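Chains Z and S: place on chain C using the hints.
Sequence order for the protein chains is C, Z and S.
Each residue of the first sequence is one higher than the one before, starting from 1 at the first, in this note's numbering.
Each residue of the second sequence is one higher than the one before, starting from 250 at the first, in this note's numbering.
Each residue of the third sequence is one higher than the one before, starting from 572 at the first, in this note's numbering.
No lab work stands behind these hints: they were computed from the structure.
Check before you lean on any hint, since a few could be wrong.
Calculated lysine-lysine pairs in the DSSO-like style (CA-CA distance at most 30 Å, straight line) [said to hold, decoys possible]: (1) K534(Z) x K657(S); (2) K485(Z) x K335(Z); (3) K744(S) x K730(S); (4) K534(Z) x K485(Z); (5) K62(C) x K82(C); (6) K657(S) x K732(S); (7) K62(C) x K364(Z); (8) K657(S) x K744(S); (9) K732(S) x K744(S); (10) K364(Z) x K744(S); (11) K364(Z) x K82(C).
Nothing here was measured: the structure is a model prediction, and the numbers come from that model.
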Amino acid sequence: MSETILQVEGLSKHFGGIVANQDITFSVEEGEIISIIGPNGAGKSTLFKMICGVRPKGSTRKPDSGTVHFHGQNITMLPAHKICHLGLALVFQETEPLRAMTAIENVAVGSLVRHDSYHEALERGGHILERVGLSHRRDSTATDLTLAELKRLEIGRALATEPSLLMLDETMAGLTLNEMQEALDLVRRINREGITTILIEHVLEAVMAVSQRIIVLDQGRKIADEIPAAVVKDPTVVKAYLGGEINNA
Amino acid sequence: MVEDILRNLGRLGWPWRIAVLLLVAGMVLFYFTGSPYYQSLFLAIAMYVVLCSSWNIISGITGYVSFGHVAFWGLGAYITAVLIVKLSFSWPLALLSSGLLTGVFAALISYPILKLSEVYFAISMLALAETVKILVAYFRGLTGGGGGIYLPPLIRPGLAFLLMTILALIVVLMTYVLQDTKFFKSLLAINNNELAAGSLGIDTTRRKTQAFILSAVFPAMAGGIYILNVAFIDPKTAFDIGMTLNTIMMTVFGGLGTVLGPVIGPVVFMLLSETLWARFPFIHKAILGAIIVLLVIFLPRGILTSLLRGVERLRSRMRRAT
Amino acid sequence: MGDFLSILISGLIMGSIYALLAGGLTLIWGVMRIVNLAHGEFLMLGCFATYYLFGALGGIPLLAIPLLAPVFFLLGAVLYIVVVRKIVNAPELMSMLLTFGVSIFIINISVLVWSGEMRIVEYLTGSFEIGNVLISKPRIVAGAVAVSISLGMYLFLQKTKIGTAIRAVSYDKEIAEQCGINTNLIYMLVFGIGTVLGASAGSLASTIFAFNPLIGQQFILKAFAVTVLGGMGNFLGALIGALIIGVVEQVFAYVLDAQISAAVAFVVIIATLLVRPHGIMGER
Numbered sequence: 001m002s003e004t005i006l007q008v009e010g011l012s013k014h015f016g017g018i019v020a021n022q023d024i025t026f027s028v029e030e031g032e033i034i035s036i037i038g039p040n041g042a043g044k045s046t047l048f049k050m051i052c053g054v055r056p057k058g059s060t061r062k063p064d065s066g067t068v069h070f071h072g073q074n075i076t077m078l079p080a081h082k083i084c085h086l087g088l089a090l091v092f093q094e095t096e097p098l099r100a101m102t103a104i105e106n107v108a109v110g111s112l113v114r115h116d117s118y119h120e121a122l123e124r125g126g127h128i129l130e131r132v133g134l135s136h137r138r139d140s141t142a143t144d145l146t147l148a149e150l151k152r153l154e155i156g157r158a159l160a161t162e163p164s165l166l167m168l169d170e171t172m173a174g175l176t177l178n179e180m181q182e183a184l185d186l187v188r189r190i191n192r193e194g195i196t197t198i199l200i201e202h203v204l205e206a207v208m209a210v211s212q213r214i215i216v217l218d219q220g221r222k223i224a225d226e227i228p229a230a231v232v233k234d235p236t237v238v239k240a241y242l243g244g245e246i247n248n249a
Numbered sequence: 250m251v252e253d254i255l256r257n258l259g260r261l262g263w264p265w266r267i268a269v270l271l272l273v274a275g276m277v278l279f280y281f282t283g284s285p286y287y288q289s290l291f292l293a294i295a296m297y298v299v300l301c302s303s304w305n306i307i308s309g310i311t312g313y314v315s316f317g318h319v320a321f322w323g324l325g326a327y328i329t330a331v332l333i334v335k336l337s338f339s340w341p342l343a344l345l346s347s348g349l350l351t352g353v354f355a356a357l358i359s360y361p362i363l364k365l366s367e368v369y370f371a372i373s374m375l376a377l378a379e380t381v382k383i384l385v386a387y388f389r390g391l392t393g394g395g396g397g398i399y400l401p402p403l404i405r406p407g408l409a410f411l412l413m414t415i416l417a418l419i420v421v422l423m424t425y426v427l428q429d430t431k432f433f434k435s436l437l438a439i440n441n442n443e444l445a446a447g448s449l450g451i452d453t454t455r456r457k458t459q460a461f462i463l464s465a466v467f468p469a470m471a472g473g474i475y476i477l478n479v480a481f482i483d484p485k486t487a488f489d490i491g492m493t494l495n496t497i498m499m500t501v502f503g504g505l506g507t508v509l510g511p512v513i514g515p516v517v518f519m520l521l522s523e524t525l526w527a528r529f530p531f532i533h534k535a536i537l538g539a540i541i542v543l544l545v546i547f548l549p550r551g552i553l554t555s556l557l558r559g560v561e562r563l564r565s566r567m568r569r570a571t
Numbered sequence: 572m573g574d575f576l577s578i579l580i581s582g583l584i585m586g587s588i589y590a591l592l593a594g595g596l597t598l599i600w601g602v603m604r605i606v607n608l609a610h611g612e613f614l615m616l617g618c619f620a621t622y623y624l625f626g627a628l629g630g631i632p633l634l635a636i637p638l639l640a641p642v643f644f645l646l647g648a649v650l651y652i653v654v655v656r657k658i659v660n661a662p663e664l665m666s667m668l669l670t671f672g673v674s675i676f677i678i679n680i681s682v683l684v685w686s687g688e689m690r691i692v693e694y695l696t697g698s699f700e701i702g703n704v705l706i707s708k709p710r711i712v713a714g715a716v717a718v719s720i721s722l723g724m725y726l727f728l729q730k731t732k733i734g735t736a737i738r739a740v741s742y743d744k745e746i747a748e749q750c751g752i753n754t755n756l757i758y759m760l761v762f763g764i765g766t767v768l769g770a771s772a773g774s775l776a777s778t779i780f781a782f783n784p785l786i787g788q789q790f791i792l793k794a795f796a797v798t799v800l801g802g803m804g805n806f807l808g809a810l811i812g813a814l815i816i817g818v819v820e821q822v823f824a825y826v827l828d829a830q831i832s833a834a835v836a837f838v839v840i841i842a843t844l845l846v847r848p849h850g851i852m853g854e855r
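One chain only, chain C, in its complex shape (with noise of 0.2 Å):
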């Protein structure tokens, strides 16, 4: 039926004392959309930059043990460019896009992992901006974008190097309630396109509606994964949240 398509193992990271991963395990299958919420600290971008790959010059976000297999591959180790050949798409926290670029140009670099025309990569950008909503903006450069047309831009660009999944790091941070209610929208939509979808979140309400399974992370360990329903009652989630920010108005 359906595979797994991402598998963790025992993930960890430590940087100096301070313990950021600490053994986290989860699979993925495909075609589902789940979430990985934690209050602040509890090291879920530290792990998604780990699984994806990414490695700002001069750092190294490799994992101190553990293993990451995508498709049955193991990816631990790949640089981000293979890891996004392989299929797997991202989108940052901080919105990274290609600055003096306009909106169908960032999206068409996307296209260009799969294609090696550029002309042809023009074109599927232009669906593409189509599917994100943001063809009224085809030509205008990233730096004139609102906050919310710069995620949507974003997950146009991750959906242009055509992935079969898609993390999302905290993406609805910033937005306001109608701009979080359209992207989830969005979300929901290209899962159902087939995309399996991960969700990185600090805010656990953004994330029940749409999720068909939540992890939880506190302080680098996974203390819950479970259908949303059973997490808001998990008494130790409950706790890791008290006084934090489960309650977000």
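Frame of chain C, contents of chains Z and S only:
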């Protein structure tokens, strides 16, 4: 990517094709009839067009600004000379080999040096150029040391002029044809946001290395043509930081990252230089310095881009008015 | 043994002058993110100012330093206000290009005014004897003064309120502003101080070397090597790095060739950036 290149070629409208043909015709005419003074002036201009266009690829388009560009030029000159003098190469072979070998050199150093972030890369390239200068002077047996190396006269100045302008034409055409291709768009992505580019499947290391090698091969051959023409070079001339700085300035002046910027920059500058300033060398350079300062403050995108934007803004204003 | 000592002392003296120059450079970089390619010209101007003042000072060039300090501070402040201010915190390429333009301007005006001939400030002859090593007096004095100024500057940065404000801005501009620090003022201050440090290095260098308007170009790359080795923005790092480079240079000059020793600075830059890009004392 090939289809993109062909498409770009097809897009060259008739006015441009005619201009290029006229240019080639003019070059050939000049070769036969031009005065030595003008031939050497245009040779110098063509040489800077080669330097600026090639520098533009790694620094303008890819965003890795190198302050050591002269290293490739000097190496090309020296390799050409040594191959001819020590290994009895024919000059065409020596010229092509200098391009090839300098490209290999660039490939070798690219791995460590392209890992550095912008400022450090710039400074390292500067340091590299200086180091190469010192090493070349040190290995006296091979290179003639500080005294330099002499070549027998092998080509007529007219031929040097022709070769240089052909080289310039090749580089500019190549830059034009590679616009809107996967290669250049990947480089642009790296320039805009290297982190994002990697996450979008672009092998940034490979692309940067390709751009770097490309930016090394052409100045090397220009250096080769130079020494065939002038028949002498020494470390001081071969690795003169002034050449790097002129290149940077002319390209920025013309428009960094554009196709024609590296053409307009040298042409305007050299012509102005010749007609106005050659008589007052130090004032001329001081004014140059002042111009750079003014440019950076007021026209950071260079003359060409600013002009184009100005035109764009005028057009949109006119559109809104009607 | 005598040779070794002589090399060491020579190296330390040269290093102390590099330290002064690089100190200014690293401050400007650390606080304002500006790569000041014109920094060598401050040294050059310091040389010339001392040279012309020397006669008027009754033959004690060291007096030039305190006298010229306010002048050069003002020069730096004016330069900042008129030109440099526009590119603070802009991409570093801009600052490299801009300061490069400033450098060319200053050098060529200087050549016009003073011509390219070499000068030196003749002051103190003879040498001190340490152990069985002879060190020329001007060198010893220059070295001692350079080290004193550098240490004084270091203490200023660490212990005074303004010094702390400067360090705060270099760590995090926004937080510093939130604490009520007037960053614009700090920038101007730092540029002025950097200029003074460079000019002081020139003042001292003028008693040791012959110089002409082009001398700044020779020193600037060494200053960069020191800054990179010590860690961009780290004043103490610049001091340590300078002493190291000074000594290493002298060792290479002795063992190999004076020519090759010039490459030391450059190799240091490349090696440092490849192995430990944040330098000896810099943080990641």
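Okay, the hints, checked on the actual structure:
About 23 Å separates the Cα atoms of K534(Z) and K657(S), which keeps this hinted pair within 30 Å; it holds. Restraint check: the Cα-Cα separation between K485(Z) and K335(Z) comes to about 21 Å, which is no more than 30 Å; the hinted pair holds. For the hint linking K744(S) to K730(S), the alpha-carbon distance of about 20 Å falls within 30 Å, and the restraint holds. For a cut-off of 30 Å, the pair hint linking K534(Z) to K485(Z) stands: about 19 Å separates their Cα positions.
The straight-line distance between the Cα atoms of K62(C) and K82(C) is roughly 15 Å, inside the 30 Å bound, and the hint therefore holds. Distance restraint check for K657(S) and K732(S): the Cα-Cα separation of roughly 27 Å lies within the 30 Å cut-off, and the hinted pair is therefore satisfied. As the CA atoms of K62(C) and K364(Z) are separated by approximately 18 Å, the hinted pair is consistent with the 30 Å bound. This hinted pair checks out: K657(S) and K744(S) have alpha carbons roughly 16 Å apart, not beyond 30 Å.
For the given pair, K732(S) sits about 16 Å from K744(S) by alpha-carbon distance, which is consistent with the 30 Å threshold. Straight-line distance between C-alpha atoms of K364(Z) and K744(S) comes to about 27 Å, which keeps the hinted pair within the 30 Å bound. Simply put, K364(Z) and K82(C) have alpha-carbon atoms about 18 Å apart, close enough for the 30 Å limit, and the pair holds.
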